[in-house]
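S.K.: Letter by letter, the chains look like this.
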Amino acid sequence: MLMRNLFAVVLMGLLLTAQPSRAALNVLACEPEWAALVAEVAGDRAKVTSATTARQDPHHIEARPSLIARTRNADLVVCSGADLEVGWLPLLLRESGNPRVQAGQPGHFEATRHLRLLEKPARVDRSMGDVHAAGNPHVHLDPRNLLLVSEALARRLAELDPAGAADYAARRAAFASRMQTAIARWEKEAASLRGLPVVVQHRSWTYLADWLGLRVVADLEPKPGVEPSAAHLARLLETLKAQPARGILRAAYLSPRAGDWLAEKAGVPALTLPYSVGDSPASADLFGLFDSLVAQLKAGLQ
Amino acid sequence: MPKHALLPAALLALGAGTAQADSSLDELRAEIRQMRDHYETRLAELEARLKQAEARPAPAAEAAAAPSGNDINPEIGLVLQGSYARREGGEHHLTGYLTGGHDHGSSRGFNLDHTELTLAANIDTQFRGYANIAFVDDAAEVEEAWFQTLGLGKGFTLKAGRFLSGIGYANEQHPHAWDFADNSLMYRALFGEHLGQDGVQAKWLAPVETFLELGLEMGRGGNFPGSAAGGDRNGPGAWAAFAHAGGDVGANASWRAGLSYLHAKPVDRDSGMEDLNDVEAETLMSGHSRTWLADFVWKWAPDGNPRARSLKVQAEYFHRRERGDLTCADNTADGGLCSGLTDAYRSRQSGWYAQTVYQFMPRWRLGLRYDRLDTGSVDFGANNANLPVADYHPNKWSFMVDYAPSEFSLLRLQLARDHAMAGNPDNGQVTLQYVHSLGAHGAHRY
Ligand SMILES: [Zn+2]
Numbered sequence: 243m244l245m246r247n248l249f250a251v252v253l254m255g256l257l258l259t260a261q262p263s264r265a266a267l268n269v270l271a272c273e274p275e276w277a278a279l280v281a282e283v284a285g286d287r288a289k290v291t292s293a294t295t296a297r298q299d300p301h302h303i304e305a306r307p308s309l310i311a312r313t314r315n316a317d318l319v320v321c322s323g324a325d326l327e328v329g330w331l332p333l334l335l336r337e338s339g340n341p342r343v344q345a346g347q348p349g350h351f352e353a354t355r356h357l358r359l360l361e362k363p364a365r366v367d368r369s370m371g372d373v374h375a376a377g378n379p380h381v382h383l384d385p386r387n388l389l390l391v392s393e394a395l396a397r398r399l400a401e402l403d404p405a406g407a408a409d410y411a412a413r414r415a416a417f418a419s420r421m422q423t424a425i426a427r428w429e430k431e432a433a434s435l436r437g438l439p440v441v442v443q444h445r446s447w448t449y450l451a452d453w454l455g456l457r458v459v460a461d462l463e464p465k466p467g468v469e470p471s472a473a474h475l476a477r478l479l480e481t482l483k484a485q486p487a488r489g490i491l492r493a494a495y496l497s498p499r500a501g502d503w504l505a506e507k508a509g510v511p512a513l514t515l516p517y518s519v520g521d522s523p524a525s526a527d528l529f530g531l532f533d534s535l536v537a538q539l540k541a542g543l544q
Numbered sequence: 042m043p044k045h046a047l048l049p050a051a052l053l054a055l056g057a058g059t060a061q062a063d064s065s066l067d068e069l070r071a072e073i074r075q076m077r078d079h080y081e082t083r084l085a086e087l088e089a090r091l092k093q094a095e096a097r098p099a100p101a102a103e104a105a106a107a108p109s110g111n112d113i114n115p116e117i118g119l120v121l122q123g124s125y126a127r128r129e130g131g132e133h134h135l136t137g138y139l140t141g142g143h144d145h146g147s148s149r150g151f152n153l154d155h156t157e158l159t160l161a162a163n164i165d166t167q168f169r170g171y172a173n174i175a176f177v178d179d180a181a182e183v184e185e186a187w188f189q190t191l192g193l194g195k196g197f198t199l200k201a202g203r204f205l206s207g208i209g210y211a212n213e214q215h216p217h218a219w220d221f222a223d224n225s226l227m228y229r230a231l232f233g234e235h236l237g238q239d240g241v242q243a244k245w246l247a248p249v250e251t252f253l254e255l256g257l258e259m260g261r262g263g264n265f266p267g268s269a270a271g272g273d274r275n276g277p278g279a280w281a282a283f284a285h286a287g288g289d290v291g292a293n294a295s296w297r298a299g300l301s302y303l304h305a306k307p308v309d310r311d312s313g314m315e316d317l318n319d320v321e322a323e324t325l326m327s328g329h330s331r332t333w334l335a336d337f338v339w340k341w342a343p344d345g346n347p348r349a350r351s352l353k354v355q356a357e358y359f360h361r362r363e364r365g366d367l368t369c370a371d372n373t374a375d376g377g378l379c380s381g382l383t384d385a386y387r388s389r390q391s392g393w394y395a396q397t398v399y400q401f402m403p404r405w406r407l408g409l410r411y412d413r414l415d416t417g418s419v420d421f422g423a424n425n426a427n428l429p430v431a432d433y434h435p436n437k438w439s440f441m442v443d444y445a446p447s448e449f450s451l452l453r454l455q456l457a458r459d460h461a462m463a464g465n466p467d468n469g470q471v472t473l474q475y476v477h478s479l480g481a482h483g484a485h486r487y
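These protein sequences, in sequence, are chains A and B.
If you use the numbering used here, the first sequence corresponds to residues 243 to 544, in order.
If you use the numbering used here, the second sequence corresponds to residues 42 to 487, in order.
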């Protein structure tokens, strides 16, 4: 059969181009912040890629063929959990034919399972919007959470690759001490931001605000995940007249239209902040991410 | 809080004691300040301790290994679909095609399209189960009911039960996931709605960076292009094979392409058509039906982020060959030409559709689809004297705009020029449609 031969040729070609990796573990991170954290803790022992970029909305990702292929080959998936990836990760897992990374297996790591989450709603129904029932999953923008997650991650990596246990522990310790120093520095630099009122677009900034003491006075989204409506924006404008804010915080993956409109009408700056690692060359790793966040907040809000 | 309770009390005392000397007032003020300071330090301490406690991982977090995703077990969902359609009345055949598949083609006026109830859950660590029941007036149809493996490993997945076949691209989509209000002519001609298999499916995902999936299915073959009687055998009445490949092109675009083959063995497969006297005739076909399908999908979004804008291009092509015997049931009583004659039947037919959907701003999409079929060559043998052999190209243009207030609701307007049936061009089809989903709504496939 012609077709059968064609399949065989294609298959052989693909197998030949697939080069086995030298790394002990093949890791697929759902978001770039976790890819960066795995890189910090695992170094060369893991080959890590991220399913999404800082410019993509982690709530709305398609289960693309390339992602299914990467899930199939992963020894470990590292995700936020708490339903952030509920629209796509379950499909990737099911289609992957890979038992190692299924929920509940050692190869399935969810960062939010190692933290206490903020904004856990008492009650959930769809009229409340696309609300995260388990609590706010956008945990990485509080660097203290990264310390906690890195500890659990190092343990998990050691479980999957016992030969590297000492390596992971040492790298995690080095990361933690660098991160602690950096946190102290960022907190000092951002001390003047404490108590400043800000408007957010989606609750992606809750943990950042909580860490730096920013006061979130309003959300451009009338309900989580719901596009800002004209009526809601008009109400916000009234609120801001009575209770001015210092800036609007938003990620590059959301439409800037509503924020721009409100910024102009209310006379407050709209800041498009790096939401994760890799948004710009300056935020190429976790330290760079917070360096740019703190610098942009200081420049924008004061 | 004692702090707040004390202050008004102190003020009251102040108001009452008008004769108090300034010195005692100052004393009182100092005392209150002291108390306030004391409470504030205590509060700050408590807050700090609370923060610390919160920062520590929740004790149960590490141990808990409950599956992620929806905590409701099983995930239950309901899809509500309905439409209003303005179109030509009367029969709507696909000219030149023997059809008879499972089709919920909607009539004109107000319609309640089928209501889908879905239940899904991981059965245990090894299996996942899924059921989709469609309610249509006095009937409930099991559209899908299957289990699949989660833990086979090496990229293998087995599925068994009733499932939508993995052939082609649109076949695995339920109507609520379609980009248009109705099915493409190609799928109507091939399967009615889509091909459901009662049987087993094995899929294998190659261990390479590029997506490459191979699948094999064996089924009862009780559905068109098979038939109920064709399924009455010990072996499979239909089998299918498919290969899908896909990948990304930079950060902005992705694609998937596939090639599929389906072989069905119908026995006394029932299709209706009009004979050369324009009288309804019933045909019964037994033999072999072989279909090739090619499919291609390409998606684009700036930075790969479809929140604001995205583009989807999709096209499929089929070629079907059938051979066997065809009986044209006696309809002479109605003035028809058929006398129950059975003779050889052969056909070679093909068709395709291409469609594109552009999301130009959040929640709003535009779509354009073109359908074209070729009646190809059909030979009814001796029944050529009774049945028409059409030389026609059924075709259709469809334009749609839809608005999704959220990812759980959708409203759509569709305009179409439908030339699927020779002599009955329906140039002004207008359809208004809603699709709403309640409860758990599984992620849509690529
Ligand atoms: Zn969110």
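Worth flagging that the hints you see were computed from the coordinates, not collected in a lab.
One thing to keep in mind: the hints can contain errors.
Here are the simulated EDC-like pairs of lysine to aspartate or glutamate, each with C-alpha atoms no more than 20 Å apart in a straight line [said to hold, decoys possible]:
no., chain 1, residue 1, chain 2, residue 2
1, A, Lys507, A, Glu463
2, B, Lys353, A, Glu304
3, A, Lys507, A, Asp452
4, B, Lys195, A, Asp461
5, A, Lys289, A, Asp461
6, A, Lys465, B, Glu129
7, A, Lys289, B, Glu250
8, A, Lys507, A, Glu480
9, A, Lys430, A, Asp317
10, B, Lys200, B, Glu250
11, A, Lys289, A, Asp317
12, A, Lys465, A, Asp299
13, B, Lys353, A, Asp299
A few chain A residues that don't get close to chain B, going by computed Cβ distances all over 12 Å [stated by the list, open to error]:
no., residue
14, Leu309
15, Ala311
16, Ala364
17, Ala405
18, Pro470
19, Ala494
Examples of chain B residues toward chain A, derived with CB under 10 Å [said to hold, decoys possible]:
no., residue
20, Ala172
21, Lys195
22, Ala247
23, Thr251
24, Ala286
25, Arg331
26, Pro403
27, Arg406
28, Gly422
29, Asn425
30, Asn427
31, Ala431
32, Tyr487
Ideal Cβ positions, reconstructed from N, Cα and C, are used throughout, including at glycine.
S.K.: If a hint holds in the structure, say so; if it doesn't, say that too.
M.R.: Going through the hints against the structure:
Between the alpha carbons of lysine 507 (chain A) and glutamate 463 (chain A) the distance comes to roughly 17 Å, so the proposed pair stays at or under 20 Å and holds. Proximity of lysine 353 (chain B) to glutamate 304 (chain A) is assessed by CA-CA distance (about 12 Å); at most 20 Å being required, the pair is judged to hold. For the hint linking lysine 507 (chain A) to aspartate 452 (chain A), the alpha-carbon distance of about 27 Å lies beyond 20 Å, and the restraint is violated. The suggested pairing of lysine 195 (chain B) with aspartate 461 (chain A) is violated, with an alpha-carbon distance near 46 Å, which exceeds 20 Å.
Among the hinted pairs, lysine 289 (chain A) with aspartate 461 (chain A) is inconsistent with the structure: their alpha-carbon atoms are about 38 Å apart, more than 20 Å. About 43 Å separates the Cα atoms of lysine 465 (chain A) and glutamate 129 (chain B), which puts this hinted pair outside 20 Å; it is violated. A C-alpha spacing of about 13 Å is found between lysine 289 (chain A) and glutamate 250 (chain B), which places the hinted pair at or below 20 Å, so the restraint holds. Proximity of lysine 507 (chain A) to glutamate 480 (chain A) is assessed by CA-CA distance (about 10 Å); at most 20 Å being required, the pair is judged to hold.
For a cut-off of 20 Å, the pair hint linking lysine 430 (chain A) to aspartate 317 (chain A) is broken: about 40 Å separates their Cα positions. The suggested pairing of lysine 200 (chain B) with glutamate 250 (chain B) is violated, with an alpha-carbon distance near 24 Å, which exceeds 20 Å. Under the criterion of a C-alpha separation no larger than 20 Å, the hint pairing lysine 289 (chain A) with aspartate 317 (chain A) is consistent with the structure, at around 10 Å. Using a Cα cut-off of 20 Å, the hinted pair lysine 465 (chain A) and aspartate 299 (chain A) holds, with the two alpha carbons roughly 17 Å apart.
Proposed proximity of lysine 353 (chain B) and aspartate 299 (chain A) is supported: the alpha carbons are some 18 Å apart, at most 20 Å. Listed as a non-interface residue, leucine 309 (chain A) fails to keep its Cβ farther than 12 Å from every Cβ of chain B; the least gap is roughly 9 Å. Not every CB of chain B is more than 12 Å from the CB of alanine 311 (chain A) (nearest about 4 Å), against its label as outside the interface. Every Cβ of chain B is farther than 12 Å from the Cβ of alanine 364 (chain A); the closest lies at roughly 15 Å, confirming the non-interface assignment.
With a closest Cβ-Cβ approach of about 22 Å to chain B, alanine 405 (chain A) is found to remain outside the 12 Å limit, as its non-interface label requires. Distance check on proline 470 (chain A): its Cβ comes as close as 10 Å (rounded) to a Cβ of chain B, failing to clear the 12 Å threshold; non-interface status is violated. The claim that alanine 494 (chain A) is not at the interface with chain B is violated, since a C-beta of that chain comes within 12 Å of its own (minimum 8 Å). Hint status for alanine 172 (chain B) relative to chain A: violated, with the closest Cβ pair at about 16 Å, above 10 Å.
Because the closest C-beta pair between lysine 195 (chain B) and chain A is about 7 Å apart, less than 10 Å, the hint holds. Hint status for alanine 247 (chain B): holds, given a least beta-carbon distance of 6 Å to chain A, under 10 Å. A hinted interface residue such as threonine 251 (chain B) counts as satisfied when its beta carbon comes closer than 10 Å to some beta carbon of chain A; here the least separation is about 6 Å, so the hint holds. Nearest Cβ of chain A to the Cβ of alanine 286 (chain B): about 7 Å, under the 10 Å cut. The hint holds.
A distance limit of 10 Å between C-beta atoms decides the matter here; for arginine 331 (chain B) the minimum to chain A is near 12 Å, and the interface restraint is violated. A cut of 10 Å between beta carbons decides the hint on proline 403 (chain B): the least distance to chain A is about 5 Å, and the hint holds. Using the Cβ-Cβ criterion of 10 Å, the hint placing arginine 406 (chain B) at the interface with chain A is not satisfied: the shortest such distance is roughly 14 Å. Hint status for glycine 422 (chain B): violated, given a least beta-carbon distance of 29 Å to chain A, over 10 Å.
Taking 10 Å as the C-beta cut-off, the interface hint given for asparagine 425 (chain B) is violated, the closest approach to chain A being about 33 Å. The beta carbon of asparagine 427 (chain B) comes no nearer than 37 Å to any beta carbon in chain A, farther than 10 Å, and the hint placing it at the interface is violated. Interface hint at alanine 431 (chain B): violated, since its Cβ lies 30 Å from the closest Cβ of chain A, which is beyond the 10 Å cut-off. Interface hint status for tyrosine 487 (chain B): upheld, as the beta-carbon distance to the closest one in chain A is roughly 6 Å, under 10 Å.
Taken one by one, the earlier hints fail for this structure at numbers 3, 4, 5, 6, 9, 10, 14, 15, 18, 19, 20, 25, 27, 28, 29, 30, 31, listed in ascending order.
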